[in-house]
Amino acid sequence: MVRGRDACWEHCVLIDAAKQKVRCNYCQREYSGGVYRMKFHLAQIKNKDIVPCTEVADNVRDAIRQIVGTPKKQKNPKKSKVDDYAINNAPENSSSDSDGFRPNPASSGQNGSTCPPLIFPRPSPSAHPDVEDAEKKKHDYADKKIALFFFHNSIPFSASKSMYYQEMVNAVADCGVGYKGPSYENLRSSLLEKAKCEIADSCKNFRDALTETGCTILSDSWSDGSTKSLVVFSVTCPKGTFFLKSVDISAHADDAQFLFGLLESVVLEIGVENVVQVITDSAASYLYAGRLLMSKYTSLFWSPCASQCIDKMLEDISKLEWVSEVLEEAGTITRYIYSHAWVLNMMRKFTGGRELLRPRITRFVTHFLSLRSIVVEEDNLKHMFSHTDWSSSAYSRRHDAQAIKSLLYLDKFWKLAHEALNVSDPLVKVLRIVDGDMPAMGYIYEGIDRAKVQIKAYYNGLEGKYKPIWDIIDERWNIQFQSPLHAAAAFLNPSIFYNPSFKIDLKMRNGFQEAMMKMVIGDKDKTEFTREHPMYINAQGALGSEFAVLGRTLNSPGDWWAGYGYEVPTLQKAALRILCQPCSSYWCRWNWSTFENIHTKKRNRMEQEKFNDLVFVHCNLQLQAITQTRGGKSKPVIYDEIDVPIPFKVFQWLAYHLTILGHEWSIAKQKKPDQQLPPGPRGVPLLGSLPFLDPELHTYFADLAQKFGPIYKLQLGNKLGIVISSPSLAKEVLKDHDTIFANRDVPVAGRAVTYGGQDIVWTPYGLEWRMLRKVCVREMLSNHSMDAVHSLRHKEVRRLVQHIHSKIGSPVDVGEQMFLTILNVITSMMWGGTLKGDGRTKIGAEFRQVVSEMTALLGAPNVSDFFPSLARFDVQGIEKKIHVQFLRFDKIFDSLIEQRLKTEEGEEESSKDFLQLLLKLKDDEDSKVPFTMNHLKSLLMDMVVGGTETTSNTVEWGIAELMNKPETMRKAQEELDRVVGKDKSVEESHLPQLHYLQSVMKEVLRLHPALPLLVPHCPSSSCTVGGYFIPKGSRVFVNVWEIHRDPSIWVNPTEFNPDRFFNGECDFSGNDFKYFPFGSGRRICAGITMAERMVMFELATLVHLFEWNIPSSGKLNLDEKFGIVLKKAEPLVAVPTPRLSDPSLYA
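Numbering (the working numbering), first residue to last: 50 to 1196.
Think of the hints as simulated: they come from the structure by calculation, not from any bench.
Treat the hints loosely; a few may be bogus.
Computed Cβ-Cβ distance ranges for the label pairs, DEER-style [what the hints assert, rightly or not]: (1) 730 <-> 551: 31 to 39 Å; (2) 859 <-> 968: 40 to 48 Å; (3) 575 <-> 272: 39 to 47 Å; (4) 594 <-> 192: 49 to 57 Å; (5) 276 <-> 813: 53 to 61 Å; (6) 236 <-> 571: 45 to 53 Å.
All of these numbers come straight from a predicted model, not from anything done at the bench.
Every residue, glycine too, gets a C-beta built ideally from N, C-alpha and C.
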């Protein structure tokens, strides 16, 4: 397929060359079959199972239609020589037919009978079209049923690649119609037992082969980092690998004596005489256990995993300052590209579908492979960021994109990237050699040596350059890893030993001698070895034959000794047992969640045995499949022919297999999702990212999003924080997974002031929360209830006007006045009909003091929230301090409730307020969930604490932004003059007609949302968001502040421009995830109706009645300050002057 010839490639991207899978650039739909089917999709032409694209532009659709409608030029079919002969010799062209008689070409001329021509038969269609069509329909029907079985049971498509898949289909077909598949019970009982017995029988044959070649015991360990530790044992030899068992070592992970006993039991099970080496982790406990094992069984070798050693080398190299810098910059590039779907699709278009991110092998190998991908695509990436499609996009104007572009054109970055690859590639090559199921023991020693030589050559022998890298390699290799077995294997590898350019050093000779001392034990064998050794050194006899010389590089070391070592049988036996061993256990990647399921205590004994059997059968079938794939053959390794960019195939075979076991069995846990956490900054031990948090948390989170993408993690002490910064991910959290994220992570201070979290903000999602939500939305804050307390709001706003008018010409702290007014408005609505005169004034003053102190404590970082285990100590004393304020609140509430109960009779109709309403609800005994006195007080607390600062700050921001944009202020006042009139005060009945002022309020909440991170959510169960695993109990922040300022969504996002909302396309419903200042989903703010009325009423009143100016000695500052709500960094101080001429409007 030549992509350059078809104009359709401008509108799609190839994502899988093997399957010819193509993705549409507009709707992201994918089709197999190459660009041909994509044309019908883009042209919006229905064709079989092709769905027309709904996002494609009209001009593109018409252009593709023209391409589809243009008929292809028909090629003139070539005539065959046979056809020419037939035409030229046909009867009608023959000169011998002088009488003009032309017999029917289909007739023989005898008795008028017809028969087909014998020499040149006439081409005809298939003799049985109906039969072929029926067969095709049968096959299509079978394909459909198999596909439905896959879809219904969530079976990965790659299961069709199993070697048993076609065998199963063939066996079912042989049984014919009416065959009934095995039942659930048969699968989990008799058939499983048969499979287990067959594998056990094959194990016996497997053990017979160990006498000649010996084997290696692989011990793979895993820990969850806290309490759970597991180890899996398997045994491998050239004939294949056999899974033995898994063991829970949680209580003994650091106990070397216990691990020694465990390793010894496996060695004895296989037979000491059959075991050549044991490979384990390099941890100190395993190191000591391995030494104990070798001291007791002197013929054994213990070795740490070679892949782990090389990965540690790469880890140490990545910590070098210059390497760390270039890897971090490369990570910045990939994170940015893969965090934006449009940018990612454009990148794939320019790279021909090639990816920058590499499959996760080990952390540090993956970093270097991704860096290599960036270097390979250097020209394509530069071309992409300089292309007109990029420069005309909204992304090109973003600060983060410009930083990426600058980085791609920075010579220093590319210079360091090339240097890092030249240092790491030789080691990655060695990792490719050892990290497979093929015996690689004979190559590890030479591989490390050649890697060092290549690094030295790259630096042209400058010791100051290559020596730091050599030191890293030598420290890991010589101190932690090198074994006499590796030296002996290199000595016995004919491709190395007989290579004139390779020098046999002292370490290799001594390692060989030490290994032989362990393997050649009897006196007779020692004598034979002493005789045979020089024959190998000097290539005598069959070892020096012409075929043996050719085989040194053409055969694997083990095959070479098997074929040509028959004249030195003692040395041949030792060589085979050494060279047929692996030196790594990493290739055998296990899915540890399955083994974790095995060792759970939530299963009875019978179920446990069945699940053990299932895992045993499954693991061994997969290992057998690997052995059959390579046909039991070992190939020689040629170092110079190893290609770094080729994918690590050995990491793919267990990509999904073990994870499906738990799903298939009712006795197992539900399959766990892919537990890949989002990216995020590195923290420090214990504290995580806490020491680095900026006080302006919303902007700090926005800066991190530019670096790590729209979803990232932060370790906040013992708490895992997840930050969401894009509309699509916000939709996943607040809508798609609404129920999961409907809970809150209740802070200690919040629980203390809400009677144990019994308010609408912190109560867990359930019946109690729904009851409280119903009370708020349907009873307290409904339009009917709000209308009932209209007179109370009106009185407080008139008092505000009178107070400001008394300050004419003098500076007024607008924020303070708004806070006091809102507090008075809210308290009036709550109990304004309960308190009168001086009592009301006294209560209001006390509330102002308590609310101020309480909001400060609620906004303060609390160690108890980040380290719950320390909560009982109240290290900072925050819980104690806020409890004091809570008691003051509670005392006020009790006095108000008592007074309302005393004065209830006779005043029910004339003095309505929220307290009266709530007391009536408390006495309602028909409710499924009782509404208690604590619920009542908690809701009053929410109204006071949650409603004052949020509303007053919004009004303050509104006045400040209007003062900063006089033209916008003038437009708002003109609308007020037109709707209200210059001779009247604003009434709430005017508000629905003030469309421009509504746009002003929306724009204020876009730029300055009251809660910039909303109230953090807490998932009730683990789930996946944006492809990342979000654990249960995480603290999830939605950065609505950043979403409201996203340049890819909003034009000139930092500019205050109410006109963008004048068409009314956005509201406060939370359904549009580019604008949701009050949140979304089940936990959307319950007080939207009240907030909208109060903000609009006060903002309209202040703008209509007064002109506002900055004092002559001051200036307008629009900087923000993060807290429990988003405030102005500096309070707004302005000088009011009357705008209207009628003095009665201010009385």
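TODO: Check the following: the C-beta atoms of residue 859 and residue 968 are separated by a distance inside 40 to 48 Å.
DONE: Given range 40 to 48 Å: holds, Cβ gap about 43 Å.
TODO: Using the beta carbons of residue 730 and residue 551, state whether their distance is inside 31 to 39 Å or not.
DONE: violated (46 Å)
TODO: Could you tell me whether the CB distance from residue 236 to residue 571 stays inside 45 to 53 Å?
DONE: Given about 52 Å between the Cβ atoms, the range holds.
TODO: Note whether the CB distance of residue 276 and residue 813 lies within 53 to 61 Å or breaks it.
DONE: violated (27 Å)
Open item on the list: Given a hint of 39 to 47 Å, does the C-beta separation of residue 575 and residue 272 actually sit inside it?
Closed with: holds (44 Å)
Task: Beta-carbon spacing of residue 594 to residue 192 - inside the hinted bounds 49 to 57 Å or not - done: The hinted range 49 to 57 Å holds for residue 594 and residue 192, with Cβ atoms some 56 Å apart.
When held up to the earlier numbered hints, the structure conflicts with 1, 5 and fits the remainder.
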